[in-house]
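Visitor: Protein chains in written order, with the UniProt record's numbering: chain A, 1 to 366; chain B, 1 to 366; chain C, 1 to 366.
Worth flagging that the hints you see were computed from the coordinates, not collected in a lab. Misleading hints may appear alongside valid ones.
Remember, identical chains collapse to one label, so a pair may be satisfied in a single copy or spanning two.
For lysine-lysine, the following PhoX-like pairs were computed, each having C-alpha atoms within a straight-line distance of at most 25 Å [to be verified]:
id: 1; residue 1: K38; residue 2: K328
id: 2; residue 1: K177; residue 2: K87
id: 3; residue 1: K177; residue 2: K328
id: 4; residue 1: K38; residue 2: K87
id: 5; residue 1: K325; residue 2: K38
id: 6; residue 1: K177; residue 2: K38
id: 7; residue 1: K87; residue 2: K185
id: 8; residue 1: K87; residue 2: K325
id: 9; residue 1: K328; residue 2: K87
id: 10; residue 1: K128; residue 2: K38
id: 11; residue 1: K328; residue 2: K128
id: 12; residue 1: K185; residue 2: K128
id: 13; residue 1: K185; residue 2: K328
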Amino acid sequence: MDVVSEGGTPWIRNAWYVACAADEIGASPLGRTICGEKMVFFRSSEGAVSALEDFCPHRGAPLSLGFVRDGALVCGYHGLATDCRGKVSDMPGQRVGGFPAIRSYPIIERYGFVWVWPGDADAADPAKLHHLEWAESPQWAYGGGYYHIACDYRLMVDNLMDLTHETYVHASSIGQKEIDEAPVKTRATPEEVVTSRFMDAIVAPPFWQMALRGAGLPDDGLVDRWQICRFTLPSHVMIEVGVALEGRGGYDAEDAAKASSIVVDFITPETETSHHYFWGMARRFAIADAALTDTIREGQGRIFGEDLEMLERQQANLSRYPDRKLLKLNIDAGGVRSRMMIERAIAAEQPGAEAQDIDTAEMVEL
Amino acid sequence: MDVVSEGGTPWIRNAWYVACAADEIGASPLGRTICGEKMVFFRSSEGAVSALEDFCPHRGAPLSLGFVRDGALVCGYHGLATDCRGKVSDMPGQRVGGFPAIRSYPIIERYGFVWVWPGDADAADPAKLHHLEWAESPQWAYGGGYYHIACDYRLMVDNLMDLTHETYVHASSIGQKEIDEAPVKTRATPEEVVTSRFMDAIVAPPFWQMALRGAGLPDDGLVDRWQICRFTLPSHVMIEVGVALEGRGGYDAEDAAKASSIVVDFITPETETSHHYFWGMARRFAIADAALTDTIREGQGRIFGEDLEMLERQQANLSRYPDRKLLKLNIDAGGVRSRMMIERAIAAEQPGAEAQDIDTAEMVEL
Amino acid sequence: MDVVSEGGTPWIRNAWYVACAADEIGASPLGRTICGEKMVFFRSSEGAVSALEDFCPHRGAPLSLGFVRDGALVCGYHGLATDCRGKVSDMPGQRVGGFPAIRSYPIIERYGFVWVWPGDADAADPAKLHHLEWAESPQWAYGGGYYHIACDYRLMVDNLMDLTHETYVHASSIGQKEIDEAPVKTRATPEEVVTSRFMDAIVAPPFWQMALRGAGLPDDGLVDRWQICRFTLPSHVMIEVGVALEGRGGYDAEDAAKASSIVVDFITPETETSHHYFWGMARRFAIADAALTDTIREGQGRIFGEDLEMLERQQANLSRYPDRKLLKLNIDAGGVRSRMMIERAIAAEQPGAEAQDIDTAEMVEL
Numbered sequence: 001m002d003v004v005s006e007g008g009t010p011w012i013r014n015a016w017y018v019a020c021a022a023d024e025i026g027a028s029p030l031g032r033t034i035c036g037e038k039m040v041f042f043r044s045s046e047g048a049v050s051a052l053e054d055f056c057p058h059r060g061a062p063l064s065l066g067f068v069r070d071g072a073l074v075c076g077y078h079g080l081a082t083d084c085r086g087k088v089s090d091m092p093g094q095r096v097g098g099f100p101a102i103r104s105y106p107i108i109e110r111y112g113f114v115w116v117w118p119g120d121a122d123a124a125d126p127a128k129l130h131h132l133e134w135a136e137s138p139q140w141a142y143g144g145g146y147y148h149i150a151c152d153y154r155l156m157v158d159n160l161m162d163l164t165h166e167t168y169v170h171a172s173s174i175g176q177k178e179i180d181e182a183p184v185k186t187r188a189t190p191e192e193v194v195t196s197r198f199m200d201a202i203v204a205p206p207f208w209q210m211a212l213r214g215a216g217l218p219d220d221g222l223v224d225r226w227q228i229c230r231f232t233l234p235s236h237v238m239i240e241v242g243v244a245l246e247g248r249g250g251y252d253a254e255d256a257a258k259a260s261s262i263v264v265d266f267i268t269p270e271t272e273t274s275h276h277y278f279w280g281m282a283r284r285f286a287i288a289d290a291a292l293t294d295t296i297r298e299g300q301g302r303i304f305g306e307d308l309e310m311l312e313r314q315q316a317n318l319s320r321y322p323d324r325k326l327l328k329l330n331i332d333a334g335g336v337r338s339r340m341m342i343e344r345a346i347a348a349e350q351p352g353a354e355a356q357d358i359d360t361a362e363m364v365e366l
Numbered sequence: 001m002d003v004v005s006e007g008g009t010p011w012i013r014n015a016w017y018v019a020c021a022a023d024e025i026g027a028s029p030l031g032r033t034i035c036g037e038k039m040v041f042f043r044s045s046e047g048a049v050s051a052l053e054d055f056c057p058h059r060g061a062p063l064s065l066g067f068v069r070d071g072a073l074v075c076g077y078h079g080l081a082t083d084c085r086g087k088v089s090d091m092p093g094q095r096v097g098g099f100p101a102i103r104s105y106p107i108i109e110r111y112g113f114v115w116v117w118p119g120d121a122d123a124a125d126p127a128k129l130h131h132l133e134w135a136e137s138p139q140w141a142y143g144g145g146y147y148h149i150a151c152d153y154r155l156m157v158d159n160l161m162d163l164t165h166e167t168y169v170h171a172s173s174i175g176q177k178e179i180d181e182a183p184v185k186t187r188a189t190p191e192e193v194v195t196s197r198f199m200d201a202i203v204a205p206p207f208w209q210m211a212l213r214g215a216g217l218p219d220d221g222l223v224d225r226w227q228i229c230r231f232t233l234p235s236h237v238m239i240e241v242g243v244a245l246e247g248r249g250g251y252d253a254e255d256a257a258k259a260s261s262i263v264v265d266f267i268t269p270e271t272e273t274s275h276h277y278f279w280g281m282a283r284r285f286a287i288a289d290a291a292l293t294d295t296i297r298e299g300q301g302r303i304f305g306e307d308l309e310m311l312e313r314q315q316a317n318l319s320r321y322p323d324r325k326l327l328k329l330n331i332d333a334g335g336v337r338s339r340m341m342i343e344r345a346i347a348a349e350q351p352g353a354e355a356q357d358i359d360t361a362e363m364v365e366l
Numbered sequence: 001m002d003v004v005s006e007g008g009t010p011w012i013r014n015a016w017y018v019a020c021a022a023d024e025i026g027a028s029p030l031g032r033t034i035c036g037e038k039m040v041f042f043r044s045s046e047g048a049v050s051a052l053e054d055f056c057p058h059r060g061a062p063l064s065l066g067f068v069r070d071g072a073l074v075c076g077y078h079g080l081a082t083d084c085r086g087k088v089s090d091m092p093g094q095r096v097g098g099f100p101a102i103r104s105y106p107i108i109e110r111y112g113f114v115w116v117w118p119g120d121a122d123a124a125d126p127a128k129l130h131h132l133e134w135a136e137s138p139q140w141a142y143g144g145g146y147y148h149i150a151c152d153y154r155l156m157v158d159n160l161m162d163l164t165h166e167t168y169v170h171a172s173s174i175g176q177k178e179i180d181e182a183p184v185k186t187r188a189t190p191e192e193v194v195t196s197r198f199m200d201a202i203v204a205p206p207f208w209q210m211a212l213r214g215a216g217l218p219d220d221g222l223v224d225r226w227q228i229c230r231f232t233l234p235s236h237v238m239i240e241v242g243v244a245l246e247g248r249g250g251y252d253a254e255d256a257a258k259a260s261s262i263v264v265d266f267i268t269p270e271t272e273t274s275h276h277y278f279w280g281m282a283r284r285f286a287i288a289d290a291a292l293t294d295t296i297r298e299g300q301g302r303i304f305g306e307d308l309e310m311l312e313r314q315q316a317n318l319s320r321y322p323d324r325k326l327l328k329l330n331i332d333a334g335g336v337r338s339r340m341m342i343e344r345a346i347a348a349e350q351p352g353a354e355a356q357d358i359d360t361a362e363m364v365e366l
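Working from the sequences, and respecting the hints, build out all of it.
Guide: Right under this line is the structure:
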C-alpha cells in the first residue's frame, strides 16, 4: 500500500490542503513546510493571504524572518520586497525589474482556515475546495487545535478510518468495548470512503456523558451511539459522531434527543515522515455555550495527544523495518480504501498517467 | 580488531545476554533493543517472562505500548493479543487462526536477571548459561545498577580488561599509581581470557578504605590488593577484586582478614554504537549490611559514570576517524584477546564457517 | 561561487586562523575542531601553547579530557603523556621510544589570540600572520567575545562585507535607512577586498549615540558616518567604523571630533556548515574607560546574536535547496570578490595548481 511513484512523493500535489488556521497569520509572516515545500504566508494590505516560497532569491534567507510593510513582504536580511504574487517590487539601491519572481502558491481563505495548493498553479481550481456546511452555518459551533506529528500523514488517515483503536488508546474517554463488538461497514465511491458503525443501547463513555450534560440531556441512561468516518481527497477525514437517548432514532433522532457533532481532521503532509494535524469538533447542540466549546477542545486535545505518541512510535517501528508487510483486516478497510484513492490520484498526476498501473495485487478482500 | 564479517554484526547472535534486571518487568511490558532487535518483555499469568519482537503484525505499533491481560500481551493500538510464544490468541471481531506468529526469543530468568538469546531459537541451550555462584549462594550479597552507554560494547570490554585506566579515570576513588607499576599477566583459554595484577603492601585507596571499614577491618594500614579480570563469551566481565591486611596471604587470605568481592559487568549490545551496561558488586563480607550495599552501589555508580563520559567521547573520536590504527600494548592484551575470542565466535556462526579465516595478521605480540 | 575542488574543503588550509582567545587555555587543555581537524590546545611548562591532534594514539580517547603535568599533556584514559610537539614522552610500564608521534600544528600566540595553521606544517610562516596595530598599540582599547555559529563561514564573510543588512537585522541599534541609500564602492587588490560607504550629515543611530557619549561628545547633533570593510585571507574582516561631528572631516576628522573604531571579525571554519566567530571592537576613544568597554561588548554581543539567527536559518535554507542560484548584486560585490580570493587560494593549494581553472563563468559584472 505504500507504493510511491518512482521519484515521486507519497502525497497528491494538485489539491487544497489546510496550511494554517486563519488567525495564525497576523501582522507577522508565518513560515511552514507543506508537502515538502517551504512556504511563507502573509497578509497583504487588503488583508488577503499570500503564500510564497520561503526563500529570498537574493541570498537565500527565509522570507518568514522578515516583515510586512505596505502590503509587501520585506526580507529581514537586506530588504528585498515582494508583492503578494512573488514579484519583487523594491530593494534599496536596486533596479528590480529584471529580478526573478518568487514562486507563489494558490491560496484560498475560507471556513476559518488558509488553504494552499502546493502543485501546479495553473491547475488550481477553487471549485475543488470542499463545501463545509458546519463552518458556515450559524447552526453549528466549532472549536479545535493543532498538533505537529512526526509520522507519515497516511498513518493518521489509517488511525481515523479505524476507530476500534478508541477502545485501547482512549480507554478512559471515548473508548468502550462495544466499538470492537459492533460490525463496521465500509463503502467507497469515486468521491469518498465511508466507514460506519452503530451501537445501540449502550452506556455512554465519559466524554459523551460530558457532551450529554452540555446538551442539557441526562447522562446516566442508555444511548444509541454512531460513528461515520468520511475520507475525501487529498487527506481530510470528517467523522460524524454522536449519541442519542435510547430508542429515539439514533443518528436520525430529533436534535432535542441527541448530542451530535462532527470530528474534523485536516491532515496536511509536511515531510515524508511528519504532518500537520488540524483537529476540531463541530457541534449542533448548545452552540452558544463557549465554556462547553473550551471543555470539548480540552478533552479532544488530550485524546488526540494519546494518538500522537502511538503514531510517532508506530512510525519509528515502520522506519526501522521498512519492508515488513502489515495485515489488512476488515477493520482496516477504511484506511486501505483511502490509501488506494490517494494512490490513484498520485498516479493520475504523473506524466503519461493513463499508461500507469496501480498495484493492487497485494490487496486482500475487505 | 574491528573486522566484522561482511553484512554481519559485530556481536555474537547465538548466546545468552542480559536483557534486564528481573524487577524491571512488573505489570507493564518493557521495550528494549538487544543486538539490534527490537524486543518486548512481559510476564504471562504464571509470572514467566516472554520476549517477542516489539512489532504488532497488524499495523506495526510497538507492543511495548500495550498491556498484559490474563497473561496475554495486548497491543495498545487495536487490541491484537498474543500469547507468551508469539501466537496471536485473540483480536476483537477477528478470526486469528491464520494470523502470522510474532517472533519470539528464548528466555531464561535466573540470578536476578532476564537472559535472552537473540539468534537462532533452535540453537538456544540453557546449559550454555554461565553458572554464577555469587548470585545463588547465601554467602554473598549483591547490589548493582544499569547505564545506557553510547559506544560499541567492545570499548567497554577493553575498558574492563585493562584496569590501568583506574589511575586516571578514577583517581579519587579506586585509582592509585601502583596499578600502573604492577606487572599485568594475561592468559587465554578456550573458555575465558584472564588478566591479573597483584599489588602488595600498598595504601588502600578511598573506596577500599570504605570497604575495609564495612568489613570491620582497620582502614589505615597497608594492604595487599588484587584484580583478576575474567572475560567470557559473549561479553561478560567478572572481576575479582579485593584487599587483605598486609602479609595475611593476599588473595588467599582467610575471610576475616580481607574485603573481597566480584565486580559484575554484563555488557549487552544495543546497536553498533551503543550498549546496555549492567554493573554491580557481589561481596563476601558484611553481607547482612544493607546500608553498606547502598553505599557501595552509590560509589560504584559514580565511578562507572566517569567511564561513561570517557567511552562515549572515545566512540565519537573513533567514528570521526574510522580507519585509524590503534596501539596494542601489553596492558591491552586482555581486551585484544577478548576481541579475538568474540571474532572467532562470530565467524563460527557464519554459514560455511569452517572455510573462514580469522584475520589476525595485524595482531602484535602481547 | 560555492565551487569546491573535488575531494577538497571549502577553506584554505595553509593559513593562520584564530583558534581561541589566549585566556581560554589555562591549567586545563581545550578541545576544538578547526577546519575539520580535531585539535587539543594546552600550555607547556614554559606557558607556550601547543596544538596537537585530539586523539590519543593508544585507544583513540580525546586528549582534551586529560590534564597537564610538568608541561606534558597526559591522556585521561591510560596515562600516555606527550610533549608539546606530539612526541610521546612517557606512559606507565611502557617503552615509548617507538610510539608514533601525534600530529602537531604550528601555533603562534599573539594579539591576545592563539593562531593555528591547520595545513602543511612545513609551509607555516610566522611572517604571514597579519600585523594588527590596534592589538599592540597603547592608543587602542579592545573588548570582544565568541560565538559558535552553525553555518558555512563564507556566509559570515558575505554578511560582513555587505552592511546593508544593518538596516534590517539591526534596525534598533546600528541600522538606518541612509546605509541603504548611500552608494557602496568595492575594490579588490591582490591582498584585500575593500568595500566602503560614507554617509554625511545624518542622525547617529542608538549604538553610535552611546559611543559619542562615551567619547565625551554630544550625541544629539548630525554626524558624518563611515564603514570601510576589509577582507583579508584566509577569512578575516576588519571594519573601520565611526562617526564624526558633522563637517569636521568625517573619517579624516581629528580624534577629538569623532568616535572611531574597528569591528574585528575572525571567522574560523569548524566544519563545512559551522564556524567559530571571534568578534570584538577596537577603539581609539576613551580607551581607559573599562565600563565603556563592557557596554560596547554587551551591545555588540546583542547585535551579533541577531546575525546568528539569520545566518543559521539561511544555512538551513541553502542546505535544503543546494542547487539554487543566488543573485549577485552591486551590494554583494564585497562578498563575491572575497569568495573569489578564497577560491583562488584554495585552487593554488592543490597539487598541479597552475593547471587549474577557476570557474568564474557565472560571475556577474559587479
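Visitor: Is it within, between, both, or neither for K185 and K128, if the alpha carbons may be no more than 25 Å apart?
Guide: neither (27 Å within a copy, 53 Å between copies)
Visitor: How would you classify K328 and K128 at a CA-CA limit of 25 Å: within, between, both, or neither?
Guide: Answer is neither; intra-copy 31 Å and inter-copy 41 Å both fail.
Visitor: Indicate which option fits the pair K38, K87 if close means a Cα-Cα distance not exceeding 25 Å: within, between, both or neither.
Guide: Result: close within a single copy only, 18 Å intra versus 46 Å inter.
Visitor: Is the C-alpha distance from K128 to K38 at most 25 Å within one copy, between copies, in both cases, or in neither?
Guide: within (23 Å within a copy, 45 Å between copies)
Visitor: Can you give me the call for K87 and K325, within, between, both or neither, at a CA distance of at most 25 Å?
Guide: Intra 48 Å, inter 17 Å, cutoff 25 Å: inter-copy only.
Visitor: Using 25 Å as the alpha-carbon threshold, which applies to K325 and K38: within, between, both, or neither?
Guide: Only across copies: K325 and K38 sit 17 Å apart there, 33 Å inside one copy, limit 25 Å.
Visitor: How would you label the pair K328, K87 (within, between, both, or neither) given a Cα cut-off of 25 Å?
Guide: between (49 Å within a copy, 18 Å between copies)
Visitor: Checking K185 and K328: alpha-carbon separation at most 25 Å within a copy, between copies, both or neither?
Guide: within (15 Å within a copy, 61 Å between copies)
Visitor: How do K177 and K38 come out at 25 Å by Cα distance, when the copy is not named: within, between, both, or neither?
Guide: Intra 43 Å, inter 30 Å, cutoff 25 Å: neither.
Visitor: With identical chains treated as interchangeable, where does the CA-CA distance between K38 and K328 reach 25 Å or less: within a copy, between copies, both, or neither?
Guide: between (35 Å within a copy, 23 Å between copies)
Visitor: Is it within, between, both, or neither for K87 and K185, if the alpha carbons may be no more than 25 Å apart?
Guide: neither (51 Å within a copy, 28 Å between copies)
Visitor: For K177 vs K328, is the C-alpha pair at or below 25 Å within one copy, between two copies, both, or neither?
Guide: within (21 Å within a copy, 64 Å between copies)
Violated hints, in rising order: 6, 7, 11 and 12; the structure is consistent with all others.
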